[in-house]
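Given these sequences and hints, build the entire structure.
Residue numbers (the numbering used here), protein chains in the order written: chain A, 1 to 322; chain B, 1 to 328; chain C, 1 to 304.
Worth double-checking, as some hints may not be accurate.
Straight-line alpha carbon distances no greater than 27 Å define the calculated DSSO-like cross-link-like pairs of lysine-lysine that follow [what the hints assert, rightly or not]:
#1 B:Lys177 - B:Lys201
#2 B:Lys177 - A:Lys269
#3 C:Lys58 - C:Lys268
#4 B:Lys259 - A:Lys269
#5 C:Lys58 - C:Lys250
#6 C:Lys268 - C:Lys250
#7 B:Lys267 - A:Lys269
#8 C:Lys250 - C:Lys160
#9 B:Lys25 - B:Lys82
Rough simulated footprint, nothing fancy, chain A against chain B, three-plus residues with beta-carbon under 8 Å [unchecked claim]:
#10 152-163
#11 192-198
#12 210-220
#13 239-251
#14 260-274
I should point out that these hints are in silico values taken from the structure, not numbers from a laboratory. Treat the numbers as computed from the prediction; the structure is a model and nothing was measured. Virtual Cβ for every residue (Gly too), placed ideally from N, Cα, C.
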Amino acid sequence: MADTLLEARDLTKYFPARAGLVLRRVNQWIRAVDGVTFSIAAGETLGLVGESGCGKTTTAKLILAQESATSGVIRFRDQDITALQKRDLMDYRKSVQVVFQDPYSSLSPRMRVGDILAEPLEIHTSLSRAGIRARVGEVLELVGLPADSVRLFPHEFSGGQRQRIAIARALATEAQLIVLDEPVSALDVSIRAHIITLLEELQRTLGVSYLFIGHDLAAVAHISHRIAVMYLGKIVELADSLDLCTQPLHPYTQALFAASLPSHPDEEKDEIVLSGEVPTALNPPSGCHFHPRCPMVMPQCSGAEPPLTEVAPNHWVACYAV
Amino acid sequence: MPTPLLQVDNLRTHFFGFRGQRAVKAVDGVSFHVEAGETLGLVGESGCGKTTTCHSIFRILPPGAEVIGGSVRFAGEDLMQKSPRDMRRIRGRDMAMILQDPMASLNPLFTIFDQVAEPAYFHRGLRRHHLRSRVAELLHMVRIPSPEVRMHEYPHQMSGGMRQRIVGATALAGGPKLIIADEPTTNLDVTIQLQYLNLLKELQRQTGVALIFVTHDLGIVAKMCDRVAVMYAGKIVEQGSVRTLYNHPQHPYTEGLIKSVPRIGSKADLYAIPGQPPDLANLPPGCAFAPRCPEALALCCRDEPEEIALADGHTSRCWLPVQEGIDG
Amino acid sequence: MVARTEAVISSPVARPARKMWNLARDAPWIPCLIVVMVVLAALFADVLAPHDPEVSVKTDTGRPVQSYRPPAWMKGGDLSTPLGTDFHSRDILSRLIYGARVSLLVGIVGTLVAGAIGTLLGIIAGYAGGWTDQVIMRITDAWMALPTLIFAIFLASVLKPSLWNIVVILSLVFWSQYARIIRGQVLSLRERPFVQLAQVTGASSLRIIRRHILPNVINTVMVLFSLTIGVAIIIEASLSFLGVGVPPPKPAWGLMMAEGRGPLIAGKWWVSVFPGLCIMLLVLATNLLGDWMRVRFDPQLRNR
Numbered sequence: 001m002a003d004t005l006l007e008a009r010d011l012t013k014y015f016p017a018r019a020g021l022v023l024r025r026v027n028q029w030i031r032a033v034d035g036v037t038f039s040i041a042a043g044e045t046l047g048l049v050g051e052s053g054c055g056k057t058t059t060a061k062l063i064l065a066q067e068s069a070t071s072g073v074i075r076f077r078d079q080d081i082t083a084l085q086k087r088d089l090m091d092y093r094k095s096v097q098v099v100f101q102d103p104y105s106s107l108s109p110r111m112r113v114g115d116i117l118a119e120p121l122e123i124h125t126s127l128s129r130a131g132i133r134a135r136v137g138e139v140l141e142l143v144g145l146p147a148d149s150v151r152l153f154p155h156e157f158s159g160g161q162r163q164r165i166a167i168a169r170a171l172a173t174e175a176q177l178i179v180l181d182e183p184v185s186a187l188d189v190s191i192r193a194h195i196i197t198l199l200e201e202l203q204r205t206l207g208v209s210y211l212f213i214g215h216d217l218a219a220v221a222h223i224s225h226r227i228a229v230m231y232l233g234k235i236v237e238l239a240d241s242l243d244l245c246t247q248p249l250h251p252y253t254q255a256l257f258a259a260s261l262p263s264h265p266d267e268e269k270d271e272i273v274l275s276g277e278v279p280t281a282l283n284p285p286s287g288c289h290f291h292p293r294c295p296m297v298m299p300q301c302s303g304a305e306p307p308l309t310e311v312a313p314n315h316w317v318a319c320y321a322v
Numbered sequence: 001m002p003t004p005l006l007q008v009d010n011l012r013t014h015f016f017g018f019r020g021q022r023a024v025k026a027v028d029g030v031s032f033h034v035e036a037g038e039t040l041g042l043v044g045e046s047g048c049g050k051t052t053t054c055h056s057i058f059r060i061l062p063p064g065a066e067v068i069g070g071s072v073r074f075a076g077e078d079l080m081q082k083s084p085r086d087m088r089r090i091r092g093r094d095m096a097m098i099l100q101d102p103m104a105s106l107n108p109l110f111t112i113f114d115q116v117a118e119p120a121y122f123h124r125g126l127r128r129h130h131l132r133s134r135v136a137e138l139l140h141m142v143r144i145p146s147p148e149v150r151m152h153e154y155p156h157q158m159s160g161g162m163r164q165r166i167v168g169a170t171a172l173a174g175g176p177k178l179i180i181a182d183e184p185t186t187n188l189d190v191t192i193q194l195q196y197l198n199l200l201k202e203l204q205r206q207t208g209v210a211l212i213f214v215t216h217d218l219g220i221v222a223k224m225c226d227r228v229a230v231m232y233a234g235k236i237v238e239q240g241s242v243r244t245l246y247n248h249p250q251h252p253y254t255e256g257l258i259k260s261v262p263r264i265g266s267k268a269d270l271y272a273i274p275g276q277p278p279d280l281a282n283l284p285p286g287c288a289f290a291p292r293c294p295e296a297l298a299l300c301c302r303d304e305p306e307e308i309a310l311a312d313g314h315t316s317r318c319w320l321p322v323q324e325g326i327d328g
Numbered sequence: 001m002v003a004r005t006e007a008v009i010s011s012p013v014a015r016p017a018r019k020m021w022n023l024a025r026d027a028p029w030i031p032c033l034i035v036v037m038v039v040l041a042a043l044f045a046d047v048l049a050p051h052d053p054e055v056s057v058k059t060d061t062g063r064p065v066q067s068y069r070p071p072a073w074m075k076g077g078d079l080s081t082p083l084g085t086d087f088h089s090r091d092i093l094s095r096l097i098y099g100a101r102v103s104l105l106v107g108i109v110g111t112l113v114a115g116a117i118g119t120l121l122g123i124i125a126g127y128a129g130g131w132t133d134q135v136i137m138r139i140t141d142a143w144m145a146l147p148t149l150i151f152a153i154f155l156a157s158v159l160k161p162s163l164w165n166i167v168v169i170l171s172l173v174f175w176s177q178y179a180r181i182i183r184g185q186v187l188s189l190r191e192r193p194f195v196q197l198a199q200v201t202g203a204s205s206l207r208i209i210r211r212h213i214l215p216n217v218i219n220t221v222m223v224l225f226s227l228t229i230g231v232a233i234i235i236e237a238s239l240s241f242l243g244v245g246v247p248p249p250k251p252a253w254g255l256m257m258a259e260g261r262g263p264l265i266a267g268k269w270w271v272s273v274f275p276g277l278c279i280m281l282l283v284l285a286t287n288l289l290g291d292w293m294r295v296r297f298d299p300q301l302r303n304r
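Rendered as structure tokens:
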């Protein structure tokens, strides 16, 4: 495997939950991200799946330095990012970009597309106006949009086209890692395949890495080399995507796969219906966070937390039942 | 052949611009039927007209939209001829709707009891302890734990999945024969979605209610529906039983939709329907799907295809079978 | 092979023309006409006014004409002074035309300055958040609690009466409205993905405010502007009416109304009524325009 681009080690992010009307003392912590470790190599896609409250969005914010971690380290190209002050992060921000979920609100409505694409270049490079124009033309071509799009406003484009613009913007400064936060969830079904194919192609030609957050297992599995499954702030399973699809080991992962919809009316599926609701991160259950809903729960599951162990080559699971 | 519960014939709904300018043909000649107790899937992408069709049936169109043709026969009576007063009696009692966002359907200021009880109160005339036990029964049916206690709580105290189930209970409260569910699981997590869909199936078994399931997700169709109608640009382009459509899709759009759903564990190149979804204000002449159709003929760009009956209730709005018939 | 998309359908050239046409078609014509007339009167007063507004109208012999001469269509009126004269034999029509200047100047400039101060503070409070927001908002709240007219009168009695001081007073009185509304808008804009995107890219706060926030609040500012101009004009008229506004002999509609108070009772109605009508029409026109702009441009303000 190519060298490591990004490494996150024991990342945590706790949000304070305040009580009281006057003093607003902090009496509890929301453990949005509770000890997460993973790495992304150059040119690789790491998929991040999980349901609401699992911490994947907060993890993305930590990687993007939108929030600062409560503890833990993020190393980018061997440099500790978490130790840097806001103003020293400019180099990092040049190399790490994001594409958000909603194409209708992620592009500034009163800026022309040309200006939207030029902005990261204006911030990070010292290119001349001509140089910026040239680069903008380049990235537009990379995402398959016509060159005269620069004069138009975002609302004159369809949802799929806007996501292309967002992707072009992320590529403008030759970013090495792009965080994709559910980039196709808000798009029509027939457009999703276009965008995923585009992203895969760009990875092949440019060697850019992705952190792909999604909830559609099939799409995530297609674009990702490896997948991490999160539950209530922790990674419960981490494996190569094909391995995960053919042999999910953690009970939660198995339930996720079982819950995905069939691709044919006659398709037989083992149904695993989980009991109860997704708990909040405010007071997570003791031990393994999943044990109250787990069909394979054992006595030791409510004791100490199971560590993430490598049970097969490149296949990590945090579970006592495996 | 018994009369279907709901029979929609050539429904046409147009949106009119600010001063009666050129209309957008949101629903342009839609015909389908729903039998008692069955589940019909209404499939299509954004802008295809499926939600407008449902709003037309319910007659809750926004100002600026008008049904300009066609009929909707529910239990034998044409809803388009009904007075607003009659429609108010029908909505909630004979037909109910479940919407996508449970927070939008539930009033945050009223308790669960108030909201679930309302249809039973107005349409079935239940009062006091009859009403209370009916609400408890409904909440129990949708698997809300400790219903007698929880019915006095407010929507914000419930999770998203529970709220959507409460919306389901409200829909059932009036005892309807037909429920239209408009993308009810789009905002739900995957495992919660599974719970909810299984619940809907169980409720259908218990009460015999017919279901129109509006969705863009073919997986839901495969799991839940008996029959499917696929919509594109305001028209139904193919309809038939679920198995027929999956095994022998006739219309290229249906084929394309089925092919473009990624399969778990497959790294094969994704199939994508070429082109963009249509601009309803600027439809091309002929078949609306022709610009994106890999099998388009010259004829397709000239004349709009008619709905052709294939075997067994399977219809398709396409020139290809006609052409094949001619070619022999 | 990159997945190609279809080109965007409409050409960029046709669009601005279409937008202007739609704008012209829907515009409320009567208010526009009124405002345009007032503006023209103010701009071309020197040409339009038949007489000098500050000096009594003289007959050919050099003697001042009758004071309190009634309008032309009444008995005793004369076409040379179509709307009559006041106590000092000054032509009412000319004073009305020149008075438009004062009203417009004070209304527009005062509101502009108020808008600028208020918008700036609103953006700072909304974007910075935290203590900055709290401090600015508490000051704004306190300021808004002051009764507008009484505060204006107080300031007027403290400052020397002059045209520019009225402008100062108006801006001091109105900035808080802008601050509050703009701050609310900025708060919600700040959370929108495109602003977060700019932050993630490393844009400085100044750049974000300039390129992302400001263009999206400008509509609201314009609408607020047209809505508060009317109030500003009335405040100016009220101040002049009370004698603490624009000092005589400069013509101002409010002042004219004050001067006409006595004669009104004596039956010489034209000295007060015409300036009153002008104030009413101008404020009505700006309010209607502002309403139309609000409905058309800014969904945020629709419920105000």
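Hints, verified against the model:
Taking the CA atoms of lysine 177 (chain B) and lysine 201 (chain B), the gap is about 15 Å. The hint holds against a cut of 27 Å. Of the pairs offered as hints, the one joining lysine 177 (chain B) and lysine 269 (chain A) is violated, with about 30 Å between alpha carbons and a cut-off of 27 Å exceeded. Between lysine 58 (chain C) and lysine 268 (chain C) the CA atoms are separated by roughly 21 Å; this keeps the pair inside 27 Å, and the hint holds. A threshold of 27 Å between alpha carbons decides the hint, and for lysine 259 (chain B) with lysine 269 (chain A) the separation of about 20 Å falls inside it, so the pair holds.
Taken as a hint, the lysine 58 (chain C) and lysine 250 (chain C) pair is honoured in the structure, with Cα atoms around 19 Å apart against an allowance of 27 Å. For the hint pairing lysine 268 (chain C) with lysine 250 (chain C), the CA-to-CA distance comes to about 21 Å; that is within 27 Å, so the pair holds. The suggested pairing of lysine 267 (chain B) with lysine 269 (chain A) holds, with an alpha-carbon distance near 21 Å, which does not exceed 27 Å. Only pairs whose Cα atoms come within 27 Å are accepted, and lysine 250 (chain C) paired with lysine 160 (chain C) is accepted, the gap being roughly 15 Å.
This hinted pair checks out: lysine 25 (chain B) and lysine 82 (chain B) have alpha carbons roughly 23 Å apart, not beyond 27 Å. Residues of the region 152-163 of chain B lying with their CB closer than 8 Å to a CB of chain A number 4, which satisfies the three-residue condition for coverage. Given a C-beta distance limit of less than 8 Å, the hint that chain A covers the region 192-198 of chain B holds, as 5 residues qualify and 3 suffice. Counting residues of the region 210-220 of chain B whose C-beta sits closer than 8 Å to any C-beta of chain A gives 5, which meets the bar of three, so the coverage hint holds.
Only when three residues or more bring their CB closer than 8 Å to a CB of chain A does the claim for the region 239-251 of chain B stand; here the count is 3, and the claim holds. Counting residues of the region 260-274 of chain B whose beta-carbon sits less than 8 Å from any beta-carbon of chain A gives 13, enough to reach three: the coverage restraint holds.
Hint 2 alone, counting from the list given before, is not met by this structure.
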